[in-house]
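What follows is the residue order along each chain.
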Amino acid sequence: MLPVDRLCRTIQHLPCDRPPVIPQIFAHAAKVAGRDVDAYLGSPDTAAQCQLAAWRHYGLDAVFAVIDLTMEAEALGGTLTRHPGLYPAIRIPPYSADRDFTAMSIPDPAKAGRLPAVLEMIGQLRAGVGENAAVIGLIQGPMTLAVQLVGMEQTLFLAADDTERFLQLLDYATEISRRYGRAQIEAGADVVLVFDPAACPEVVPVGMFREMIGPRIAKLSAALKQAGAKATWLHIAGQTAAILPLYSSFGIDIGNLDYCVDLDKVLAAPGLQTLCLDGNIKPLSFITDNADAIRDSAVELLARFDQRGGFILSSGCEIPPEAQEAAVSALVAAAKDWPQRRTQRTS
Amino acid sequence: MGSSFETLVTALIDGDRERSLALVGELIDQGRQPLEIVTEGIETAMASLDRKCTAEQFNLLEIMLAGRAVIAVIHQLFPGDIELPNPRASVVTAVLEGDIHDIGKSILKILLAGSRIRIVDCGKDASIAAVVKAAIESKAVAVCISGLISSIIPLVRTVRPALTAAGLGHVKILAGGAALKQCSADTLNVDFVGQTAFDAVHYISGLVENADAPR
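Chains as they are written, first to last, in our numbering: chain F, 2 to 348; chain Z, 4 to 218.
Here are some chain Z residues the structure puts well away from chain F; computed CB gaps all over 12 Å: (1) Thr10; (2) Asp32; (3) Thr47; (4) Ala137; (5) Glu212.
The calculated SDA-like cross-link candidates involving lysine to any residue, where the alpha carbons are at most 20 Å apart (straight line), are: (6) Z:Lys184 <-> F:Thr289; (7) Z:Lys55 <-> F:Gln240; (8) F:Lys283 <-> Z:Ser187; (9) Z:Lys112 <-> F:Glu154; (10) Z:Lys55 <-> F:Met209; (11) Z:Lys112 <-> F:Phe158; (12) F:Lys283 <-> Z:Leu151; (13) F:Lys337 <-> F:Ser298; (14) Z:Lys55 <-> F:Gly239; (15) Z:Lys55 <-> F:Pro206; (16) F:Lys283 <-> Z:Ala188; (17) F:Lys283 <-> Z:Ser154; (18) Z:Lys184 <-> F:Gly239; (19) Z:Lys112 <-> F:Met153; (20) Z:Lys184 <-> F:Glu323.
Calculated directly from the structure, the hints in this document are not laboratory data. Everything numeric in this text was worked out from a predicted model, so none of it was measured. Where is the CB? At the ideal position from N, CA and C, for every residue including glycine.
One chain only, chain Z, in its complex shape (with noise of 0.2 Å):
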């Protein structure tokens, strides 16, 4: 990797759009190909940030400054679409019903911007019927839910007999947020409870690459 590379990860990670874009604008000049970039820079960037950013040192401000960034850089690369291309997998994102605190999911959602992993995002107050619409649409790999009230925990609890129900039995059920992280997965009954966005991002990157290793 060279040091231009390095230059743009150390900017995606200080959250500097401006300098981010221009590095990028100068990576391609070079003839450096779109993916490439991805790759050697967002996803780097990101690496360092999942590293830094341990339970004690998760700080909201810099995430989404650092994602700010990323979606920028993105959207440079790849003008007019709203994703990377050739998504490894895809993941519904929501906040159930009753809930409309949706900070956790976003940061989730900046978290894999730069991993070719699609969000369909059902947003916040979402109801489960909406959850298992995107979760077939999509063929989602995973459904994670963020919730910040402990109102919604029973609610939680019956995703998984829903996609049961609609043959979906196979999706992983991740669970994060101020309220949920406090219950097990027994609990919850969901497959995966997160500390942390990025304990979410280890643990769906872990099902994709499973899924991409050869057999």
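Chain F extracted, bound-state conformation (with noise of 0.2 Å):
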């Protein structure tokens, strides 16, 4: 079976040969690949390679065409600080709250910074994957984007202050994320992930999530869908239990669960029946734990799944850069063993 195909299945809920497995690689791709952090992130090519050399290495379902997680902000004049064998920061936001958001420019994604780089890797990766991978890219939620347009206190106090001017800035990310989406689904890319993780209830009440940023997460899933994505995905770290049963009414195929989710919890809510889920393995346990451990969790996970379907074996957030290899193949093992290990249990 095709990863894709596979992948669209699990989504609906059917049958599959196996479980996916889709552990989120970005930067640890370097380590596979035998080059450092800082060759990842300094070229589109270089990143594209790596993420190959993973691909080819562990038999992963998917590739990411994932650079670093400050493209957008960075192309609207934001300042980022480097240090050597980290991923960039922004130091300085490029906008203060008190912009007219109605009336600002949108980047291009083929001219504006180092967006252009990733539709390049997106190529890349379609090229080198054919049909053996689903290739996923990446947009900033329209949460998260603003808080980095603006700085985290600035975008909460505008909430509260002026949420007037808070919406125009949500809709105005929302058009950035739109738009560069749209671009990376028309490069090759079959999903792309929608990484929102400032829309948190641990940062935001789920009342605002509710009313303000889940719309708007709507309005990219449909422009996402209609570019032809195979899938929408969205992405939210933390404890976010209360907010998962509202993903589909936002138009979300797949929904992450970080490893502080009470599963429990999850698999009993009402509304998330249709959902399909990913994660939820720790990541610091591909640093610390060895590869028994790793498989022993994702197998626990499986079993737990097996009977609602609709899973993706995964880690709840990103793999470190400086994972151990052994533990993410104990991982895709995990998921490709599983039919076997499946007969086995019950018979």
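Put the two chains together into one complex, using the hints given.
Structure follows, in structure tokens:
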């Protein structure tokens, strides 16, 4: 079964040859390819080659067209800070909270900053994997991009003090992501992950997600599907049990589970029967735990979701760049061995 | 505690800065002393917020709004002072070199703002040397390290040896933040790992109360 077919059938809770396994591998691919993180971050060619090396080495169902998470803010004039061996971070956001966000220009993904590098990376990945893996891009979700454009504290205070301007900022962020996401699909991505950790209930109230952020995520979902995305995928790290039941209403096909989410609550929650879920092994475990422990955790997850279906085996969040290769290999093996193990468990 | 303090507590928890300032003005007009307003108003509000914000109900926006109201009230009560007078203890906070995500540290500062605990903030992307220097100069009881990225874990482990080499082996080390809270205290070579900023506040309050207790 081709990986994209496996993914699409899993989303529909249809039987597959085995569960998909899609650990979030970004700069960890550099380690697998014998390159350093700075080489990965510095060149879309190198990043693509590293992703392909990791795909071949682990036998993954997907590759990620992700270099780092600052592309949009940098393209709009944000100042980054860089440390050797680490992802860049936004030191100075591009805007102040008092801007007129209704009159701002949208960066052209084909020209602005490093956005074209990601489109180039997608093209190389598409050519490299053919039909034998899903190519997954990434855009910032409305709340996370808003925070990157203006700053965390400023955005949150804006939400409280000037709701109209806050919503305009969210709309502006949504339009940036819509255009960038569409470009990634057109460049060859099968799916574009909507990455929105700032929308977590640990950051903003559930009501704000439901009334303000969710509808904008729904616009992104619709636009990505219209552009040809095979599925829509929302990634919000942290304690998301309270908002997971809302994802399907916003057009989301796949929602991630971070390691801290109570699986008993999730599996019992009304409104979560159709959402495909991915996760949820603790990311740090891939550094600290041995392969057997990862395998055991993976098998336990696969067993818990076996009856329900609609589950992609993964980490709860990004696999750390310094993760042990044996640990990641154990995760992949657990998914590939599952049909046989399942038969043994039931016989 | 009279109804005026209850109303102030509610306004602070709601993050209503303007109303909080107005109520403090009324309390002062009634002859209430600033430190009484801190104890009956701010500390009570923060304790209520603590009870409300369990690990699953923790909400950064609400904490920040409450914190903004608290800081505004402190400035109103003690104009010209950066912090509350007669601090019970000092605590150093830092995000270590390589990491510039400081919202966790900022939350801790907010939560400790009304506790008469002096915060010495080394900021983000801070060197171990800066943290040690701050701990020496402030005679800190604890050092609080916040970390979002797993790459700084090896650096966190070096905080204890650095403090010990400087004669500060008695200073407690706390860690928190999205990456660090996935680790055990042993893994990080620290005394305590908090799942939320409130956990750190409880730990520090316990440290300070034990130090204050009559012998």
